[in-house]
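Visitor: Sequence:
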Amino acid sequence: MGNERLKMMILAALFAALMGVGAQIIIPVPPIPFTAQTLVLPLMAIILGKRYGTLSAALYVALGAVGIPVFAGMKAGLGIILGPTGGFILSYIPAVFLIGLIFEKGGRHTAAGIAATVTGALFILFAGTVWYKWMGNLSWAGAFTGAMIPFIVPDILKAVFAAVLGVLIRKRLESARLLHAALR
246 MGNERLKMMI LAALFAALMG VGAQIIIPVP PIPFTAQTLV LPLMAIILGK
296 RYGTLSAALY VALGAVGIPV FAGMKAGLGI ILGPTGGFIL SYIPAVFLIG
346 LIFEKGGRHT AAGIAATVTG ALFILFAGTV WYKWMGNLSW AGAFTGAMIP
396 FIVPDILKAV FAAVLGVLIR KRLESARLLH AALR
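At position 91 of the sequence shown (counting the first as 1) the number is 336 in the numbering used here, and the numbers step up by one without a gap.
Some hints could be false.
[Claimed, not checked] Listed next, with one range per pair, are the computed distances between beta-carbon atoms:
#1 Met254 - Val311: 14 to 20 Å
#2 Arg422 - Trp385: 46 to 52 Å
#3 Ile397 - Ala307: 27 to 33 Å
[To be verified] As a list, the in silico PhoX-like pairs of lysine-lysine whose alpha-carbon atoms are at most 20 Å apart:
#4 Lys350 - Lys416
#5 Lys252 - Lys295
#6 Lys252 - Lys416
#7 Lys295 - Lys416
I should point out that these hints are in silico values taken from the structure, not numbers from a laboratory.
Ideal placement from N, C-alpha and C gives every residue a C-beta, glycine not left out.
Start from the sequences, fold in the hints, and give me the full structure.
Guide: This is the structure we're talking about:
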(Lines of atoms letter the chains of each structure in order from A; the text may use other names.)
(Lines give C-alpha, C1' and ligand atoms only; values in the text may rest on other atoms or scores of the structure.)
Protein backbone atom coordinates (compact mmCIF):
# COMPACT_ATOMS: atom_id res chain seq x y z
CA MET A 246 0.00 0.00 0.00
CA GLY A 247 2.89 2.40 0.71
CA ASN A 248 3.98 2.42 -2.93
CA GLU A 249 0.39 2.99 -4.06
CA ARG A 250 0.01 6.00 -1.75
CA LEU A 251 3.31 7.41 -2.96
CA LYS A 252 2.17 6.93 -6.55
CA MET A 253 -1.08 8.77 -5.83
CA MET A 254 0.78 11.62 -4.11
CA ILE A 255 3.08 11.93 -7.11
CA LEU A 256 0.04 12.03 -9.40
CA ALA A 257 -1.51 14.70 -7.16
CA ALA A 258 1.65 16.80 -7.50
CA LEU A 259 1.65 16.22 -11.26
CA PHE A 260 -1.95 17.41 -11.56
CA ALA A 261 -1.17 20.49 -9.44
CA ALA A 262 1.58 21.26 -11.96
CA LEU A 263 -0.83 20.62 -14.85
CA MET A 264 -3.25 23.11 -13.25
CA GLY A 265 -0.44 25.66 -13.29
CA VAL A 266 0.24 24.97 -16.95
CA GLY A 267 -3.48 25.06 -17.76
CA ALA A 268 -3.76 28.44 -16.07
CA GLN A 269 -1.28 29.84 -18.59
CA ILE A 270 -3.37 28.76 -21.58
CA ILE A 271 -5.47 31.90 -21.70
CA ILE A 272 -8.10 33.43 -23.93
CA PRO A 273 -8.20 36.99 -22.57
CA VAL A 274 -11.79 38.01 -21.89
CA PRO A 275 -12.16 40.80 -19.33
CA PRO A 276 -12.75 40.78 -16.45
CA ILE A 277 -11.98 37.07 -15.98
CA PRO A 278 -9.97 35.20 -18.63
CA PHE A 279 -10.93 31.81 -20.05
CA THR A 280 -8.23 29.31 -19.05
CA ALA A 281 -7.55 25.62 -19.57
CA GLN A 282 -7.30 25.01 -15.84
CA THR A 283 -11.06 24.50 -15.75
CA LEU A 284 -10.43 21.56 -18.08
CA VAL A 285 -7.63 20.13 -15.93
CA LEU A 286 -9.58 20.45 -12.67
CA PRO A 287 -12.38 17.98 -13.52
CA LEU A 288 -9.82 15.58 -15.00
CA MET A 289 -8.00 15.76 -11.68
CA ALA A 290 -11.16 14.88 -9.77
CA ILE A 291 -12.22 12.02 -12.06
CA ILE A 292 -8.77 10.44 -12.33
CA LEU A 293 -7.46 10.98 -8.80
CA GLY A 294 -10.76 10.76 -6.92
CA LYS A 295 -12.00 12.98 -4.14
CA ARG A 296 -9.13 12.45 -1.69
CA TYR A 297 -6.07 12.84 -3.89
CA GLY A 298 -7.83 15.23 -6.25
CA THR A 299 -8.60 17.53 -3.32
CA LEU A 300 -4.99 17.21 -2.16
CA SER A 301 -3.86 18.21 -5.65
CA ALA A 302 -6.18 21.24 -5.79
CA ALA A 303 -5.07 22.34 -2.31
CA LEU A 304 -1.43 21.99 -3.38
CA TYR A 305 -2.10 24.14 -6.45
CA VAL A 306 -3.73 26.87 -4.35
CA ALA A 307 -0.95 26.67 -1.73
CA LEU A 308 1.76 26.96 -4.38
CA GLY A 309 0.15 30.10 -5.72
CA ALA A 310 -0.45 31.50 -2.25
CA VAL A 311 3.23 31.26 -1.31
CA GLY A 312 4.31 33.07 -4.46
CA ILE A 313 4.93 30.43 -7.11
CA PRO A 314 3.37 31.89 -10.29
CA VAL A 315 0.83 29.18 -11.10
CA PHE A 316 -2.28 31.35 -11.45
CA ALA A 317 -3.47 32.77 -14.79
CA GLY A 318 -0.98 35.16 -16.35
CA MET A 319 1.90 33.79 -14.22
CA LYS A 320 0.46 35.52 -11.16
CA ALA A 321 0.81 34.42 -7.56
CA GLY A 322 0.40 35.49 -3.97
CA LEU A 323 -2.27 36.10 -1.39
CA GLY A 324 -3.23 39.29 -3.21
CA ILE A 325 -4.59 37.19 -6.08
CA ILE A 326 -6.42 34.80 -3.76
CA LEU A 327 -7.91 37.64 -1.72
CA GLY A 328 -8.68 39.70 -4.84
CA PRO A 329 -11.90 39.79 -6.87
CA THR A 330 -11.23 36.52 -8.73
CA GLY A 331 -9.85 34.64 -5.72
CA GLY A 332 -13.19 32.99 -5.05
CA PHE A 333 -12.82 31.00 -8.24
CA ILE A 334 -9.39 29.77 -7.17
CA LEU A 335 -10.48 28.96 -3.61
CA SER A 336 -13.56 27.12 -4.89
CA TYR A 337 -11.36 24.64 -6.76
CA ILE A 338 -10.66 22.73 -3.55
CA PRO A 339 -14.27 21.95 -2.54
CA ALA A 340 -15.24 21.58 -6.22
CA VAL A 341 -12.75 18.76 -6.75
CA PHE A 342 -14.02 17.02 -3.63
CA LEU A 343 -17.62 17.47 -4.81
CA ILE A 344 -16.83 16.15 -8.31
CA GLY A 345 -14.98 13.15 -6.89
CA LEU A 346 -17.76 12.40 -4.42
CA ILE A 347 -20.56 12.58 -7.00
CA PHE A 348 -18.55 10.51 -9.47
CA GLU A 349 -17.76 7.82 -6.90
CA LYS A 350 -21.32 7.69 -5.53
CA GLY A 351 -22.70 7.62 -9.09
CA GLY A 352 -20.89 4.41 -9.99
CA ARG A 353 -17.84 5.82 -11.80
CA HIS A 354 -19.50 5.73 -15.22
CA THR A 355 -19.41 8.38 -17.93
CA ALA A 356 -22.90 9.64 -17.04
CA ALA A 357 -21.85 10.02 -13.40
CA GLY A 358 -18.72 11.79 -14.57
CA ILE A 359 -20.72 14.24 -16.65
CA ALA A 360 -23.14 14.92 -13.79
CA ALA A 361 -20.23 15.39 -11.39
CA THR A 362 -18.12 17.67 -13.60
CA VAL A 363 -21.04 19.85 -14.66
CA THR A 364 -22.07 20.20 -11.00
CA GLY A 365 -18.48 21.10 -10.13
CA ALA A 366 -18.26 23.67 -12.92
CA LEU A 367 -21.49 25.32 -11.79
CA PHE A 368 -20.29 25.28 -8.18
CA ILE A 369 -17.06 27.07 -9.17
CA LEU A 370 -18.96 29.62 -11.23
CA PHE A 371 -21.46 30.33 -8.46
CA ALA A 372 -18.92 30.47 -5.61
CA GLY A 373 -16.53 32.58 -7.66
CA THR A 374 -19.29 34.96 -8.68
CA VAL A 375 -20.47 35.44 -5.09
CA TRP A 376 -16.87 36.24 -4.07
CA TYR A 377 -16.47 38.52 -7.11
CA LYS A 378 -19.61 40.44 -6.14
CA TRP A 379 -18.53 40.73 -2.52
CA MET A 380 -14.91 41.74 -3.22
CA GLY A 381 -15.82 44.06 -6.08
CA ASN A 382 -18.76 45.67 -4.27
CA LEU A 383 -20.90 44.97 -7.33
CA SER A 384 -24.60 44.45 -7.87
CA TRP A 385 -25.78 40.89 -8.39
CA ALA A 386 -26.58 41.73 -12.00
CA GLY A 387 -23.10 43.14 -12.54
CA ALA A 388 -21.42 40.18 -10.92
CA PHE A 389 -23.43 37.58 -12.83
CA THR A 390 -23.00 39.45 -16.12
CA GLY A 391 -19.24 39.82 -15.67
CA ALA A 392 -18.23 36.66 -13.89
CA MET A 393 -20.75 33.92 -14.59
CA ILE A 394 -22.92 34.25 -17.68
CA PRO A 395 -20.09 34.38 -20.26
CA PHE A 396 -18.54 31.25 -18.77
CA ILE A 397 -21.53 28.94 -18.32
CA VAL A 398 -21.55 27.35 -21.78
CA PRO A 399 -17.76 27.07 -22.24
CA ASP A 400 -17.28 25.67 -18.73
CA ILE A 401 -20.08 23.12 -19.16
CA LEU A 402 -18.62 22.03 -22.50
CA LYS A 403 -15.18 21.68 -20.91
CA ALA A 404 -16.74 19.74 -18.02
CA VAL A 405 -18.46 17.27 -20.35
CA PHE A 406 -15.29 16.81 -22.41
CA ALA A 407 -13.22 16.35 -19.24
CA ALA A 408 -15.69 13.78 -17.89
CA VAL A 409 -15.59 11.66 -21.03
CA LEU A 410 -11.81 11.94 -21.31
CA GLY A 411 -11.27 11.45 -17.57
CA VAL A 412 -13.35 8.27 -17.39
CA LEU A 413 -11.49 6.87 -20.39
CA ILE A 414 -8.05 7.72 -18.95
CA ARG A 415 -9.01 6.41 -15.54
CA LYS A 416 -10.22 3.08 -16.95
CA ARG A 417 -6.99 2.71 -18.93
CA LEU A 418 -4.84 3.52 -15.90
CA GLU A 419 -6.78 1.06 -13.72
CA SER A 420 -6.57 -1.72 -16.31
CA ALA A 421 -2.82 -1.11 -16.60
CA ARG A 422 -2.65 -1.25 -12.78
CA LEU A 423 -1.22 2.26 -12.67
CA LEU A 424 -4.10 3.59 -10.59
CA HIS A 425 -5.38 1.84 -7.49
CA ALA A 426 -9.13 2.31 -7.02
CA ALA A 427 -9.12 1.73 -3.26
CA LEU A 428 -6.83 4.68 -2.49
CA ARG A 429 -8.87 7.46 -4.04
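Visitor: Against each hint, give a clear statement of whether it holds in the structure.
Guide: Hint-by-hint comparison with the structure:
Between Met254 and Val311, the C-beta spacing of about 19 Å keeps the proposed range 14 to 20 Å intact. Look at Arg422 against Trp385: about 50 Å separates their beta carbons, and that is inside 46 to 52 Å. Between Ile397 and Ala307 the Cβ separation comes to about 29 Å, which falls inside the hinted range of 27 to 33 Å. A hinted pair counts as satisfied when its Cα atoms are at most 20 Å apart, and Lys350 with Lys416 qualifies at roughly 17 Å.
A threshold of 20 Å between alpha carbons decides the hint, and for Lys252 with Lys295 the separation of about 16 Å falls inside it, so the pair holds. The suggested pairing of Lys252 with Lys416 holds, with an alpha-carbon distance near 17 Å, which does not exceed 20 Å. Under the criterion of a C-alpha separation no larger than 20 Å, the hint pairing Lys295 with Lys416 is consistent with the structure, at around 16 Å.
Checked against the numbered hints given earlier, this structure breaks none of them.
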